[in-house]
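Participant: One letter stands for each residue in the lines below.
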Amino acid sequence: MITGCGVVSPLGIGVPAFWDGLVAGRTAVGPIVRFDTADLDPRHAAEVADFPTADPDRAGAFLLRAATEACTEAGLDVATLDPDRVGAVIGTTLGGMQIFERWLAGGDVATTEAERIPYHAPAVRLARALGCRGPVATPQLACASSTHAIALAADWVRRGRADVVLAGGTDLLCRFVVAGFNCLRATAETARPFDVRRRGLVLGEGAAVVVVESMDAAARRGADVVARVLGVGGAGDAVHMTAPDREGGGAARAIAAALGDAGIRAGEVDFVSAHGTGTPYNDAMEAAALGRLFEPQAVPVNSIKGAIGHTLGAAGAFEAVMCTRVLATGTVPPTAGLEELDPACAGLDVVHGAARSEDVAVVLTTSSGFAGTNAAVVFGRA
Amino acid sequence: MTDGVALTGAAWTHAADDAALAPLAEPLRTRALRAERVTRLVLVAGSRALELAGLAVDAGPPRVDVGVVLGTMLGCFLTNAAYAERLAEAGPPGASPRLFAATVSNAAAGELAIACRLGGPTATLSAGRASGLVALGHAVDLVRDGRATTIVAGGADATGEAATRWTRDAALGLAPGDAAALAVLEPLAVARARGAAILGTLLGWGAAFEPRAGASGGDAALDAALRDAGLRRADVARIVGATTAEGRPDPLAACGPLALVATLAETPPGTAIAVVATCPTGHAAAVVARAGDVA
Numbered sequence: 001m002i003t004g005c006g007v008v009s010p011l012g013i014g015v016p017a018f019w020d021g022l023v024a025g026r027t028a029v030g031p032i033v034r035f036d037t038a039d040l041d042p043r044h045a046a047e048v049a050d051f052p053t054a055d056p057d058r059a060g061a062f063l064l065r066a067a068t069e070a071c072t073e074a075g076l077d078v079a080t081l082d083p084d085r086v087g088a089v090i091g092t093t094l095g096g097m098q099i100f101e102r103w104l105a106g107g108d109v110a111t112t113e114a115e116r117i118p119y120h121a122p123a124v125r126l127a128r129a130l131g132c133r134g135p136v137a138t139p140q141l142a143c144a145s146s147t148h149a150i151a152l153a154a155d156w157v158r159r160g161r162a163d164v165v166l167a168g169g170t171d172l173l174c175r176f177v178v179a180g181f182n183c184l185r186a187t188a189e190t191a192r193p194f195d196v197r198r199r200g201l202v203l204g205e206g207a208a209v210v211v212v213e214s215m216d217a218a219a220r221r222g223a224d225v226v227a228r229v230l231g232v233g234g235a236g237d238a239v240h241m242t243a244p245d246r247e248g249g250g251a252a253r254a255i256a257a258a259l260g261d262a263g264i265r266a267g268e269v270d271f272v273s274a275h276g277t278g279t280p281y282n283d284a285m286e287a288a289a290l291g292r293l294f295e296p297q298a299v300p301v302n303s304i305k306g307a308i309g310h311t312l313g314a315a316g317a318f319e320a321v322m323c324t325r326v327l328a329t330g331t332v333p334p335t336a337g338l339e340e341l342d343p344a345c346a347g348l349d350v351v352h353g354a355a356r357s358e359d360v361a362v363v364l365t366t367s368s369g370f371a372g373t374n375a376a377v378v379f380g381r382a
Numbered sequence: 001m002t003d004g005v006a007l008t009g010a011a012w013t014h015a016a017d018d019a020a021l022a023p024l025a026e027p028l029r030t031r032a033l034r035a036e037r038v039t040r041l042v043l044v045a046g047s048r049a050l051e052l053a054g055l056a057v058d059a060g061p062p063r064v065d066v067g068v069v070l071g072t073m074l075g076c077f078l079t080n081a082a083y084a085e086r087l088a089e090a091g092p093p094g095a096s097p098r099l100f101a102a103t104v105s106n107a108a109a110g111e112l113a114i115a116c117r118l119g120g121p122t123a124t125l126s127a128g129r130a131s132g133l134v135a136l137g138h139a140v141d142l143v144r145d146g147r148a149t150t151i152v153a154g155g156a157d158a159t160g161e162a163a164t165r166w167t168r169d170a171a172l173g174l175a176p177g178d179a180a181a182l183a184v185l186e187p188l189a190v191a192r193a194r195g196a197a198i199l200g201t202l203l204g205w206g207a208a209f210e211p212r213a214g215a216s217g218g219d220a221a222l223d224a225a226l227r228d229a230g231l232r233r234a235d236v237a238r239i240v241g242a243t244t245a246e247g248r249p250d251p252l253a254a255c256g257p258l259a260l261v262a263t264l265a266e267t268p269p270g271t272a273i274a275v276v277a278t279c280p281t282g283h284a285a286a287v288v289a290r291a292g293d294v295a
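If you read the protein sequences in the order shown, they are chains X and F. At position 255 of the first sequence the residue is numbered 255 (our numbering), and the sequence of numbers has no breaks. At position 272 of the second sequence the residue is numbered 272 (our numbering), and the sequence of numbers has no breaks.
These aren't lab readings, by the way, just hints derived from the structure by calculation. Owing to the predicted nature of the structure, the values given are computational and were not obtained by experimental measurement. There may be inaccurate statements among the hints.
[As the list claims (entries may be wrong)] What the simulated footprint calls covered on chain F by chain X, stretch by stretch (three residues with Cβ under 8 Å from a Cβ of chain X suffice, anywhere in the stretch; the number is not a length):
| # | region |
| --- | --- |
| 1 | 73-85 |
| 2 | 101-113 |
[Said to hold, decoys possible] Simulated DEER-style distance windows between Cβ atoms:
| # | chain 1 | residue 1 | chain 2 | residue 2 | range |
| --- | --- | --- | --- | --- | --- |
| 3 | X | Asp-82 | F | Ala-25 | 46 to 56 Å |
| 4 | X | Tyr-281 | F | Arg-165 | 34 to 44 Å |
| 5 | X | Tyr-281 | F | Gly-230 | 41 to 51 Å |
| 6 | F | Val-294 | X | Ala-79 | 41 to 51 Å |
| 7 | X | Ala-219 | F | Leu-33 | 54 to 64 Å |
| 8 | F | Gly-173 | X | Gly-131 | 15 to 25 Å |
| 9 | F | Arg-144 | X | Glu-247 | 24 to 34 Å |
| 10 | F | Asp-235 | X | Arg-185 | 52 to 62 Å |
| 11 | F | Ala-59 | X | Pro-52 | 48 to 58 Å |
| 12 | X | Gly-75 | F | Arg-248 | 46 to 56 Å |
| 13 | F | Ala-262 | X | Gly-107 | 33 to 43 Å |
| 14 | F | Arg-165 | X | Ala-361 | 48 to 58 Å |
| 15 | F | Arg-165 | X | Asp-224 | 47 to 57 Å |
| 16 | F | Ala-262 | X | Asp-108 | 39 to 49 Å |
Cβ atoms here follow ideal geometry from the backbone N, Cα and C, with glycine treated the same way.
Chain F on its own, in the form it takes in the complex (with noise of 0.2 Å):
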């Protein structure tokens, strides 16, 4: 095992309308407001997370220490279904510049570097609903490779009528919901000195692939996470699925951070949890961390 990752801000949203974004500070609330779903959600949770670590700008030079990495599922899939209708009802003419752009996955992070002026690496990773725990495992390996300070990371996904449609089509019994998490995670020795409040440290990350349908890859997510924490199953209090409810919104990439910021928050300090997500795609991923500041 490797270094402890701090983890030193965290938030999370599952609203995207005009009325969420009216807290947000000018010029990120303007940002927000003429950008598609997924980025929206991100703008808020991204943006909080680093307010809450005590490490927003909005201004000046990109911080080139300071990066993100977000993991998404469904990524541009609405502005891609946006775009695509317009073209079909109106051929070339009405091809918008401005959904073209940003039918790219990576336009939330994208959106989120510009208004949050993260010059850093930058990366958007898709692996289903383990996406944001491997957007989060990635971000670990930044940090702990020296490559970043800083990295924002974290999973979002956004919902609406096509991106349902297709869930069903393709018989993957998700119910897509609107949600977002993001981290800030750093060294924890940069964390202690600068005085932050440290939630959890990032022990170890994996991921993991099950081609065949109907079984998980689950267990070898975990086994690959505590390879890399240094530890086994019996050190872990607690082993978490980020599952949701049937029936219930799915928050899919941001299901693996939601769920590993919710068991830090009632975990006793130096207790270590796990985290494993999993989807019908057959990826799989899991995180190991200890609450509070205890390496």
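Extracted from the complex, chain X is given alone in its bound form (with noise of 0.2 Å):
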């Protein structure tokens, strides 16, 4: 069960905000303000803005505001539960970048703040600051970590490991990542996904949380739930390790995963919420993997990545974020930057311009990685 969710995210901060931007099909998308960028091209990005910190883990600083407020959707107040069944699972390719590009350039940095440098850091900082004594882990699967990370944490609970949760992810925006996807030709200034024109992707920041919990933990508590984790897959593509297989093999087989493991076909979904970057390669490796798993009728598919950029190792806790919100409302939020879609894709039905009214019980996400990594959940309405 899902029984809460947090954001920061550069659509605002909460889970409002985050949701009012994508149903108004708004982007956050813009010049880079925070850091100098004058000598990287493409300088653009959705970053976030009104979030007053001088917490130099700023992935950390983002990752306990999210998960605040998942808590208190969920009602849930961690200190009176038995923290052994409390965990945490939290995705992230950068952690404390920050604080490693300054200790790197041999700047002062305390004990502290070297402890938060590694991708566990983020993590590790949420299980100390909820006093969780459950098992603890964070997913590297770089763009599909989050998606990963809610995967493993529905596992844990299915499982008995755990009866509550936190699951998501957390990235920040820094010079280290955004020369990097530059270097490698893979940005552009607006992010287009689906679309004839799209060039690359743009990147983004912030953090997702989810409260992933046991039916009978939820029930005890009398806490709401927001959706059912109904399926969970994953596969790799063992291809290439920054481009996607063509053909779409390991997110289909990722896909059909989630499917069988929710033991629903795949005409029972009602809307996809795809992996969608608005790169050449990814939207058309996504558009066959969903062309064939979804033959011959065509299901809603939208992708958030006009509208908050690619926020990387949280890229696919915001999508999971967004589909408890499409389950909740039947409401699906149009593809921000989309406007004519790509013949190649033309097999999608993906929602742009508005959002559009649906009626939706089940619904998929998908997300795709450097090193052929893939990973999709399957979710339903509570």
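These two chains come separately, so use the hints to put the complex back together.
Facilitator: Next up, the structure:
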């Protein structure tokens, strides 16, 4: 069960601001203002604004804020629970990179800051803040990290390894990552998922967290259920380190595994939250995978990366939060940035232009990443 | 408790230099030579574990029922440092696409998947020194749930100046070493049916976290693993802590898998053992296993 959600997003702090921005089709993409970009090209991204913090661990600060909102929505006071039964699974691709950049340059970094450099640091920081004594881990699946985080949390709850697991992801914008994607020539100034004019991804930042809880634990607390996790799946491409399998083999296997785990057929899925990065290869790969799985009928699909950018290790968790709201409201946010659907993706019913009302009971979210990793989760209405 | 999961091949290495890669067959050797340090270690140990299990393949379509789960504490830390140093020195023109592509900690698992045609579930997990046992545990769950027929799983970490300096600056009291230890896991019935040599049977696993500095979640992890295995402490002949002697390089994520494989090798068949790994980060994990082919 999902009993609560929280986000720190480029569209605003908190789920209402995030959701309202998505439904309105707004984009938070613009010139980067938080650090010097004079020598970067492109220099656009979706930054989190209005988040005043002197915390050098920006990703960790995002995470704590998102987790607090998720716990509040879940009505969850972790201090009242058995700490042995509370866990955390937080994906990231950058973690304490902002501190790392300063540390590597020989800057003055305190021991407590140095502790927050590695990728496991955000999960550790959250677990310490909550007093977790259950399982804690950091999935490292590049841009599929937080989708896998939710899948792993659901696995742990199903297997009785924990009653409550906070799952999600956090990442931040910094020179390290912007220069990196630029040097791969994978970036653009505008994200246009599935558009015929798409040229590349636009980076974003933020954190998204969901509370994954067993049915019994939620019932004991009298918690409202936001959505159900019906199935999870993952698969590797085993093709290339940075480019996706052109045929979408790994993505299709991950989706099929999630559907199989949920015990449902593709035809029962009412909406798909695509990875939809806006790179030529990713979107074509997804069109191939989804086209094969959902043929002959097209299922409504969207991508939120035109709105909040590609938030990397947090992307899947943001999309999961969006999915819970789609299930609750029947409203599918449009794909910001998409104006003219690529004929190569014509088999997809990509929602764009304006939000659409649908009868949605089952949704699928899918993520893919470097090193040929793919993860998928199926959610059901509460 | 649940179905036992057979361990049918295991390999480890502490060497990542070019000489250590020389025995590898092509195209694996070429792939390893151009890889970063932790990936080299994983390619050597992972490919050897598959070979020992009789499951080595280096060509053809991805094997959709064979996956990889790797645990790593530092992951691509050294690569991050190398990439960031060049970026700092030369600005964006100095940013290396090759290095940046390897600044994800799942690069090692991805390289192994490509080299050994692993198209099933793939994951890389970080949980401090407990990473390797958490990876083995996740692999056990994947096999139990029927999501894969075979998983190559274990832990790996690599050392270098940046890694050593970071563990010192973070006051972790660890001296990272080069190490990878990976094992092949599959359903007991499948392993028996194909006549594989069974080194041990994994019966259960558990993980825990200790939020207080200076305390350990090892006991909680062990209790969770025993519950998962349906055993009591009295049922286990040996409980082995995956510790490292002071002054010795610490294999970090590989410490648990190394201790597990070594303990199984010296334990009479049918005897249950447990291995526990803890970390100053607060992470802890444990695995309960029985030596030999006795579920």
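Participant: Hints first: check each against the structure and report whether it holds.
Facilitator: The hints, checked one at a time:
1. 73-85: Holds: 9 residues of the region 73-85 of chain F have a Cβ under 8 Å from chain X.
2. 101-113: Result for this restraint: holds, n = 11.
3. X:Asp-82 / F:Ala-25: 46 to 56 Å: At 51 Å between Cβs, range holds.
4. X:Tyr-281 / F:Arg-165: 34 to 44 Å: 38 Å, holds
5. X:Tyr-281 / F:Gly-230: 41 to 51 Å: Taking Cβ atoms as reference, X:Tyr-281 and F:Gly-230 lie about 47 Å apart, which means the hint holds.
6. F:Val-294 / X:Ala-79: 41 to 51 Å: 44 Å, holds
7. X:Ala-219 / F:Leu-33: 54 to 64 Å: Hint holds: Cβ distance 56 Å, inside 54 to 64 Å.
8. F:Gly-173 / X:Gly-131: 15 to 25 Å: 23 Å, holds
9. F:Arg-144 / X:Glu-247: 24 to 34 Å: The hint (24 to 34 Å, Cβ to Cβ) holds, given that F:Arg-144 and X:Glu-247 are roughly 30 Å apart.
10. F:Asp-235 / X:Arg-185: 52 to 62 Å: For X:Arg-185 against F:Asp-235, whose Cβ atoms are near 58 Å apart, the range 52 to 62 Å holds.
11. F:Ala-59 / X:Pro-52: 48 to 58 Å: Because 55 Å falls inside the window, the suggested range holds.
12. X:Gly-75 / F:Arg-248: 46 to 56 Å: 49 Å Cβ-Cβ, so the 46 to 56 Å window holds.
13. F:Ala-262 / X:Gly-107: 33 to 43 Å: Taking Cβ atoms as reference, F:Ala-262 and X:Gly-107 lie about 42 Å apart, which means the hint holds.
14. F:Arg-165 / X:Ala-361: 48 to 58 Å: With Cβ atoms ~53 Å apart, the hint holds.
15. F:Arg-165 / X:Asp-224: 47 to 57 Å: Given about 48 Å between the Cβ atoms, the range holds.
16. F:Ala-262 / X:Asp-108: 39 to 49 Å: Roughly 42 Å apart at Cβ, these two residues keep to the hinted range, so it holds.
Checked against the numbered hints above, the structure violates none of them.
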